[in-house]
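The chain contents come next:
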Amino acid sequence: MAAQAEKLVQKAEELHHSRGELEIQSRMLQSVLDSMAEGLVVADERGKFIIWNPAASQILGLGSANIPSNEWAQHYGLYTEDMVTPFPVDQSPLANAIRGKSTSAQIFVRNSNRDQGIWIEASGGPLKDKSGTVRGGVIAFRDITRRKADECEIRKLNDELEMRVTQRTVQLEAANQELEAFTYTVSHDLRAPLRHIGGFSRMLIEDFGPGMPPEACHHLRRIEDGVRRMGLLIDELLNLARLGRHALEIQSAELNSLIDEVVALLQPDAEGRAVTWKIADLSPAQCDPVLIKQVFQNLIANALKFTRPRECAIIEIGDLQQEGERVLFVRDNGVGFNMKYKDKLFGVFQRLHRNEDFEGTGIGLATVQLIIRKHGGRVWAESEVDKGTTFWFTLADAGQSVDADADPKIFTNKHASAGA
Amino acid sequence: MDSDVIDILLVDDSQDDVDLTLHALRAESLANHVFVARDGEEALDFLFCTGPHRQRSFEHPPKLVLLDLKLPKVDGMQVLQQIKSDPRTKTIPVVLMTSSREERDMAKGYNLGANSYLQKPVDFEQFRKMVKLLGLYWLVTNQPPITTRSSPQGSVEE
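Line order of the protein sequences matches chains A and B.
Quick note: the first sequence uses the numbering used here, first residue 53, plus one each step.
Quick note: the second sequence uses the numbering used here, first residue 1219, plus one each step.
So here's chain B without its partners, still in its complex pose (with noise of 0.2 Å):
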């Protein structure tokens, strides 16, 4: 996979939900530029072009960034707060997505600046119709920001 051209970040520990989100997101044929992370670390390497990723450039960010909040090494809060936090990164769409409906975690993740905050519903069905509604919406209806550079835009899409 071309790590330059993503549209989604996919940030989750569990291969269980990797493999149904991904399930969901192929049957709406969103998968094909997807980026899976499977902790914090990782993420922030992704999107701050560090470590095994410091050959990515800033200019093509994901469309959106799908995070998790219970993550090894880096919890996704903190991940959220470097995004929200860092101008490179900080008109990147975040959607928290999250087995947990504790208010305390929703009222951090808005404040800390999440576009927007989902339970993971049990009901695979219903955790379809979300995951399609989200695909769509951020990637297809939602117009992205324009990214700081002035670099020419929409040229490095194949």
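Pulled out of the complex, with its shape left as it was, chain A reads as follows (with noise of 0.2 Å):
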């Protein structure tokens, strides 16, 4: 019997500290809710709320309601993302909830206390108990009116810059679209006049040749080199503008063979005169090897012409790395030129000599540069008057194909050459 009394006791102290340990539960469940920032709320199985935190009231402008819930959307005033239909209760988190599903949803509230209307992005789940029956469910929310204020401006943003886009590409298209019409005109309507004053000309001096004084057929042989010259300038500004249009083909390209055939195409400039070349190992380079054909045909051939009065010209043609960059030039012991005019080397039809002294368009660097251009990379030049010119360029996607170590003879050779 005692014992038995003994028994009860214990179970009564238990009892009553459980019951303690609930109340500190109870009490530490309240203050989380209470300092939530979240909206919490709970409902039974039909639907009746339970638990409905302070956050939960804040957000919505209103309180806990005892109405049935296909009442809520009404009364609370919510809505879908088309902010004018009503929720549709049923399909409310919280309903889902307490039909065991787990969803989530945006809503956009209005109410007597929320006149502007605020968003709100609700998720429930289910509220099981030990057997996992559904007893009901809970769910927790949050003011996201801002963030759609964000994601609205963004897109509206996003929609402006596309629209941008779309005009400038209007306006790029019909750019270019002129430039070819300019460049038709240019090829067809400049050309046509030229040949005939050259034609008559010509015409001129085989029909009545014989019966002019010296000094009329001189004359006239200077239209005819006026003609031959501005039809040059005329072709070589249109392979400027069609460069211009050009889509790039980069491949790996070997530089020392493109050399070497420039070398050879430009073998008549050289004809008779002595010329040393020191040209390196060049490893190979990720390029269009059309163009940079060209670029290196335009600034040897460049090197030849100005170095036309040296007794020996010296052309070197190599590479080095520049802060981690490869760096291709081609270097002569020319007449140079005054760093003072640099800015004007690669302007179209810009020359720094004059034509009595060395022959030119005025084209050959600017499709130089507009071609190293294309790749990405970059050209200059160092000169010294009457010591030499350095042009310089680098190709955006040849840095990591220069290996100076595995070729030793490249940093031999451009050694010998520096002291030359």
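Derived from the structure by calculation, the hints contain no laboratory data.
Where hints are given, some of them may not hold.
Claimed, not checked - Only pairs whose alpha carbons sit at most 20 Å apart, straight line, appear in this in silico SDA-like list of lysine to any residue: (1) B:K1288 / A:D134; (2) B:K1288 / A:I286; (3) A:K153 / A:I196; (4) B:K1347 / A:L290; (5) B:K1347 / A:M255.
Given the structure is predicted, the values throughout are model-derived calculations rather than measurements.
Using the supplied hints, reconstruct the complex from the two chains, each of which is provided in its own coordinate frame.
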């Protein structure tokens, strides 16, 4: 008996103890619910609210109300994404939760206390007892009005951007077409009268030359020279324009074979002259070989041209690493130019020498620059009057392909020539 | 000029170009049987024996048409297209001779059936050389197509 009584007392104490624990837990839960920034609502299986935290009232503008679940949307002012259709209550996350489903939704809320309307994001899940039977549902939600506004703003900006890009593209296409029409006109309409001037001058010389004073014939030849020169200018200008439209075909190119082809091509310019070529062994480069050959051709032709007064021309082609970047160069010991004119160097029709001294159209270096820029590289020059000129250029994609260590010849070659 | 016996139909709107071309042809004695049309319409009238040329006969097509592309009224491409799409004229060799070197024009011209595409060089010496080669090739070296009509050939030549 006594033992039983003792057991009873123990039980009572345990009960008392666990009631205390329960109270502590319940108070903890309450303070968690009170301090949460998110709204939290729990409803039982019939849709009666059993927990409704302060944040819930604060967000919705209304407190817990004892109303049937089919009146929730009307009472709290819940709407779908279009902001006007009442939110179908049976699809709300809380209703889903009571039916045992976990869902989430964005809901627009507008009621007497939230007349501007707010956006909430709510996610709900079922509450189950030990046996797994659904006893109700819980939803947590927060105010996402600000986020929605930002998203809306971003979408608007994106749309605007898209529109502007479309507009610019149209403008660009129009400009391109204009340019094409322009080059066509230049090609056809400027060329024709030029042909006539040249043709009739020639006919004059041939048909009437014998009876003309020698000075008149001389003037006519000057006209013909002018015609030829302008024809050349038009052709090169057109080439430049075509180049601008040419799409790059990047591949691994053997620079040395390109250079060899160019040197062979320019052999007539070196004929009868003492020209020392110092061409380094160059590793392949990622580039459009047709265009880069053009670059070498223009630079080497320049080197040959401007070394003409030299008893022995020295033309050096190589590369080196500068700040992790491969830099190619073409160097000569020619007449050079004053560096204060370096900005004019790459301009179309810009020339730093008189035509009587060194002939040219002033398009060669403009072409070089256009090609290098298309490759994403840079081109620049260093020069000293009477000492010579070095043209440097980079190719954006070719940075990694040079390997000085693997080919010490490049270095020795460079050193040898640097002293020359 | 008897327009029935024509070696070359020269279609060009520029009197300057016509004079230069004739001068070059004359140097090779190829200018005796040339008819000059100054626009596309006149060229088509001549080739299809219509309008002012309705008296002409299809039996004596020119051995060569030298066609400029930029022409008033009917442009060169349209003239070319009409020549090459009509069984009565499509075998006549047509050489496009133009100032421009536009790739589009070139491709279009060949697609329409042009027999050759030449850019008139600015340099007159080169132009003359080109016209000479052209004339000699098409009028002397080349074997012209036999006319589809069964009428006797060669009898009209004086």
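Verification of the hints:
| no. | hint | verdict |
| --- | --- | --- |
| 1 | B:K1288 / A:D134 | violated (60 Å) |
| 2 | B:K1288 / A:I286 | holds (19 Å) |
| 3 | A:K153 / A:I196 | violated (23 Å) |
| 4 | B:K1347 / A:L290 | violated (24 Å) |
| 5 | B:K1347 / A:M255 | holds (14 Å) |
Comparing the model with each earlier hint shows violations of hints 1, 3 and 4; every other hint is respected.
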